[in-house]
Amino acid sequence: IYVMKRAVVALLSFFVIVLFSAGTIDGNKRTVVSGAEAQKKLIEGNKRFVESMLTHPEQTIERRVELAAGQQPFAVIVSCSDSRVPPEIVFDQGLGDLFVIRLAGNVLNDEAIASIEYAVDHLDVKYIMVLGHERCGAVSAAVQGGEFHGHIGSLVKAIQPAIDMVKDEPGDPVDNAVIANINLVVNYLKASAPILSELAGKGELTITGARYDLDDGLVEVLP
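Be aware that the sequence shown starts at 131, since it is given in my numbering, and climbs by one per residue.
Derived by calculation from the structure, the hints in this document are not laboratory data. Take the hints with a grain of salt, since some may be wrong.
Claimed, not checked - Cross-link-like lysine to aspartate or glutamate pairs, in silico, DMTMM-like; alpha carbons within 20 angstroms at most:
#	residue 1	residue 2
1	Lys320	Glu241
2	Lys170	Glu218
3	Lys256	Glu218
4	Lys332	Glu247
5	Lys287	Glu241
6	Lys170	Glu334
7	Lys256	Glu181
8	Lys170	Asp254
9	Lys177	Glu241
10	Lys320	Asp254
11	Lys170	Glu350
12	Lys171	Glu350
13	Lys171	Glu181
14	Lys332	Glu167
15	Lys332	Asp240
16	Lys320	Glu334
17	Lys320	Asp240
18	Lys177	Asp346
19	Lys287	Asp212
20	Lys287	Asp305
21	Lys177	Glu167
22	Lys287	Asp298
23	Lys287	Asp240
24	Lys170	Glu188
25	Lys177	Asp345
26	Lys320	Glu247
27	Lys297	Glu264
28	Lys171	Glu218
29	Lys177	Asp343
30	Lys287	Glu277
31	Lys171	Glu334
32	Lys170	Glu181
33	Lys256	Glu174
34	Lys171	Glu188
35	Lys177	Glu218
36	Lys256	Glu328
37	Lys332	Asp251
38	Lys171	Asp343
39	Lys320	Asp251
40	Lys256	Glu167
With the sequences and hints as input, model every part of the structure.
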């Protein structure tokens, strides 16, 4: 009976180890990318995209096999669902490079924040980019107002604070609201307790906003 108990304990210990290590790369192989280096890699990749000099990195059979054992993305991208702004292509990155959360208008909900926390807390990601884009349909709908069917009303409600912030500013109301919305999401993430706010406050997590230009493909990091 004692031997059986030891076997059961050993088996349970094995499953606990597997549970907490699933989805990550072995600690001996992990190379954590700093926030500054992550942003640099994204901007360099976007430059290749803009200049049509794509390298399509990390998209080989070998990379796919390697990632079957776990992932270690170097950046979280919170972006719009718009089909014209796929982060892996816009930043010329490969399998396992980016942890992407996409919702129309790059808005947040509890599930999105939980996903971001997982990437930061369990995958050691040090950089988050909130990526909005020119002529965003969700923001345009919110600016135009009117009656919305289904769940679109809740999306417009989430964007409304950004519109209110810039309603009296000169310039294009949609683009003004796009930038305001990006900044609001960035500030919300920086204040999101307990995980993100603590790491950002210690300088261990970088959170920035950026705007994608649909016409030339350029991503501009916002100040």
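Which hint numbers does the structure go against, in order from smallest to largest?
7, 9, 15
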